[in-house]
Amino acid sequence: MKITREEVEHVANLARLNLSQEELAKMTEQLDNLLSYVAKLDELDTENIKPTTHAFSISNAFRDDTVLGSLSQQEALANSPKQNGECFIVPRII
Amino acid sequence: MYPYELTISQALEKLGKRELSSRELTLSCLERIAEIDGHINAFISVHPDHALAMADRADAAKGDKRGALCGIPVSVKDLLCTKGIATTCGSKILENFIPPYNATVVDRLEQEGAVILGKTSMDEFAMGSTSETCAFKVPENPWKKGYVAGGSSGGSAASVAACECLASLGSDTGGSIRQPASLCGIVGMKPTYGRVSRYGLVAYASSLDQVGPFSRDVRDCALMMNVVAGYDARDSTSVQKAKPDYTKSMITGMKGVKVGVPKEYFGAGLDPEVEAVIRNGATLLQEAGAEIVDVSLPHTDYCVAVYYLIAPAEASSNLARYDGVLYGYRDMTAESLIDMYKESRSAGFGAEVKRRILLGTYALSSGYYDAYYKKASQVRTIITNDFKKAFESCDVLISPVAPTPAWRFGEKGEDPLSMYLSDIFSISANLAGIPGISVPGGFSGDGLPIGIQLQGPHFKEEILFRVAHNLEKGVGISDKRPAL
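Same order as they appear, the protein sequences are chains G and D.
The first sequence begins at 1 in the working numbering and counts up by one.
The second sequence begins at 1 in the working numbering and counts up by one.
Pulled out of the complex, with its shape left as it was, chain G reads as follows (with noise of 0.2 Å):
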């Protein structure tokens, strides 16, 4: 068993995600194949093989420190499911 009914729990409260127990069972039963078969990975030797994360890597891609144009505060805002005109409105925090 690659994955445990616990540990999908554990993983989608650090995701933010809601299940069911039947999606939880459902969910369990599909990672636990897919992290089966992800394993043929280990078949390979990588051993002082540099990972790769960016295809064709470019360094430092930065821009003069001037001011440029940026979104308004009304555009910023628009899409918000709850804003005051001047911020986003959520439940309490503290």
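No lab work stands behind these hints: they were computed from the structure.
Remember, it's a predicted structure, so these values are computed and weren't measured experimentally.
From the three backbone atoms N, C-alpha and C, an ideal C-beta is built for every residue, glycine too.
Among these hints, one or two may not hold up.
Okay, derived cross-link-like pairs now, DSS-like style, lysine-lysine, Cα gap no bigger than 30 Å in a straight line [claimed, not checked]:
id: 1; chain 1: G; residue 1: K2; chain 2: D; residue 2: K412
id: 2; chain 1: G; residue 1: K50; chain 2: D; residue 2: K460
id: 3; chain 1: G; residue 1: K50; chain 2: D; residue 2: K374
id: 4; chain 1: G; residue 1: K26; chain 2: D; residue 2: K389
id: 5; chain 1: G; residue 1: K40; chain 2: D; residue 2: K263
id: 6; chain 1: G; residue 1: K82; chain 2: D; residue 2: K92
id: 7; chain 1: G; residue 1: K50; chain 2: D; residue 2: K241
id: 8; chain 1: D; residue 1: K389; chain 2: G; residue 2: K40
id: 9; chain 1: G; residue 1: K40; chain 2: D; residue 2: K374
id: 10; chain 1: D; residue 1: K388; chain 2: D; residue 2: K374
id: 11; chain 1: D; residue 1: K389; chain 2: G; residue 2: K50
id: 12; chain 1: D; residue 1: K388; chain 2: G; residue 2: K50
id: 13; chain 1: D; residue 1: K354; chain 2: G; residue 2: K82
id: 14; chain 1: D; residue 1: K243; chain 2: D; residue 2: K255
id: 15; chain 1: G; residue 1: K50; chain 2: D; residue 2: K263
id: 16; chain 1: G; residue 1: K82; chain 2: D; residue 2: K460
id: 17; chain 1: D; residue 1: K460; chain 2: G; residue 2: K26
Some, not all, of what chain D presents toward chain G, calculated at C-beta under 8 Å [as the list claims (entries may be wrong)]:
id: 18; residue: S236
id: 19; residue: T283
id: 20; residue: T384
Simulated coverage check for chain D against chain G, where a stretch passes if three residues somewhere in it have a Cβ under 8 Å from a Cβ of chain G [stated by the list, open to error]:
id: 21; stretch: 29-41
id: 22; stretch: 98-106
id: 23; stretch: 319-325
id: 24; stretch: 374-381
With chain G's structure known, arrange chain D on it following the hints.
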């Protein structure tokens, strides 16, 4: 011939001579959409007023103010931000999202006078190979009722194949342009990573995603690439390399070109009709003067495992932004912040998206990062080296795009893994960052299209256009259209 059946090249000629107006051409496409999209379902949203306003501006432009795509009606995958026009990514969580800006590629289309008809259907957040996970419309293959158009850019492919528009922009993270192009009998290209700007492309897997064109022939694809390719300062992964005129790459004749046939792509899972089409393609290229060589991509069998660790890991990070705060669906009844995140995300995301987020989160989590994500990234290096080695003995690779032609809705059923395995031939190009193109190669006995894939070294789209042009000439089916 109806105006909507024209290729971009043909339409530009007629528009240039004023034999046809963009308004007429646009209306022709809108009427076509009204007539057939009820069952093709290529479009999540259509914007006639906006499109006709763009068409009128194109018609008013004169002389050198007429852009490279002046007056040409196109569709855009709903994963690309279009200012003031709903961009849903095929998800309920963004059902009402109206971007305040255009993606760079959309800006470039507009600057060159293209007319945007609407946004096309797709797998939710680009995660899928059939577009069946779209929360709104599931596109159908225009060649056969009840069959998938492919994914995740199924709507884009279907819209072009069904002549609802002259071209489209899609995205490709593991094959999502090339596979639907193959299944729908049209041309589709995934450029080299960094060739086309991702600014305004809603991110799925940032090290794999690329935007690319769909078209009905190779020349149209080159015209689209001419417009969208090139450095963009707003995309920090965009590469500063000169952009050629890709239409000039379409040299007839294959003398001096070596075409590699990767032996691992021709094994047990490959449909015999697909194999026959690819082998025929190689023969046609040989007749045009190419040298056919056998090559090996020894780690092909590990590509799916690498992709289905890296892509979900990157996705789990990219999709963390959908929390109901800035945009998108919010559960307004939640009383705490964390509950708001959980309820909004759980209600807004579909099952496939949740599955990939969970897999990705696990692969990155403490204690498992080395065994899964890091390991996959190391094998990614091995796979990239396989291609580098293969390109030492050939200029371009010829192969299938998908192991089979299109399949029925629901056929891949309950097991995600069997769906994932169908990506085996397209996935490695994204891992290595190399460009790939799918060119129509023939049809199955059932009348379903089969595409031929060409892959080349980084930033060698020119060689792909040359070989694709010769393949298209040899195959000789670029005029065929589905009977609708």
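Hint by hint, here is what the structure shows:
A distance of roughly 24 Å separates the Cα atoms of K2 (chain G) and K412 (chain D); the hinted pair therefore holds under the 30 Å criterion. A hinted pair counts as satisfied when its Cα atoms are at most 30 Å apart, and K50 (chain G) with K460 (chain D) qualifies at roughly 25 Å. A C-alpha spacing of about 9 Å is found between K50 (chain G) and K374 (chain D), which places the hinted pair at or below 30 Å, so the restraint holds. With a C-alpha separation of about 42 Å, the suggested pairing of K26 (chain G) with K389 (chain D) is violated against the 30 Å cut-off.
Proximity of K40 (chain G) to K263 (chain D) is assessed by CA-CA distance (about 21 Å); at most 30 Å being required, the pair is judged to hold. Between K82 (chain G) and K92 (chain D) the CA atoms are separated by roughly 18 Å; this keeps the pair inside 30 Å, and the hint holds. This hinted pair checks out: K50 (chain G) and K241 (chain D) have alpha carbons roughly 26 Å apart, not beyond 30 Å. For a cut-off of 30 Å, the pair hint linking K389 (chain D) to K40 (chain G) stands: about 23 Å separates their Cα positions.
Annotation: proposed proximity of K40 (chain G) to K374 (chain D) holds, straight-line Cα distance about 14 Å (limit 30 Å). Restraint check for K388 (chain D) and K374 (chain D): satisfied, since their Cα atoms lie roughly 21 Å apart, inside the 30 Å limit. Taking the CA atoms of K389 (chain D) and K50 (chain G), the gap is about 17 Å. The hint holds against a cut of 30 Å. For a cut-off of 30 Å, the pair hint linking K388 (chain D) to K50 (chain G) stands: about 16 Å separates their Cα positions.
Between the alpha carbons of K354 (chain D) and K82 (chain G) the distance comes to roughly 25 Å, so the proposed pair stays at or under 30 Å and holds. For the proposed pair K243 (chain D) and K255 (chain D), the alpha carbon gap of about 25 Å is at most 30 Å, so the pair holds. Taking the CA atoms of K50 (chain G) and K263 (chain D), the gap is near 27 Å; set against the 30 Å cutoff, the hint holds. Restraint check for K82 (chain G) and K460 (chain D): the C-alpha separation of about 48 Å exceeds 30 Å, so the hint is violated.
A hinted pair counts as satisfied when its Cα atoms are at most 30 Å apart, and K460 (chain D) with K26 (chain G) does not qualify at roughly 44 Å. Nearest Cβ of chain G to the Cβ of S236 (chain D): about 4 Å, under the 8 Å cut. The hint holds. Violation of the interface hint for T283 (chain D) is found here, the shortest Cβ-Cβ separation to chain G being roughly 32 Å, above the 8 Å cut-off. Of the supplied interface hints, the one on T384 (chain D) holds, with its beta-carbon coming within about 6 Å of a beta-carbon of chain G, less than 8 Å.
Counting residues of the stretch 29-41 of chain D whose C-beta sits closer than 8 Å to any C-beta of chain G gives 0, which falls short of three, so the coverage hint is violated. Under a criterion of three residues with beta carbons nearer than 8 Å to beta carbons of chain G, the stated coverage of the stretch 98-106 of chain D is upheld, 3 such residues being counted. Here the stretch 319-325 of chain D counts 4 residues with a CB under 8 Å from a CB of chain G, which clears the bar of 3, and the coverage holds. Judged by the Cβ-Cβ criterion of 8 Å, the stretch 374-381 of chain D is covered by chain G as claimed, because 8 of its residues qualify and three suffice.
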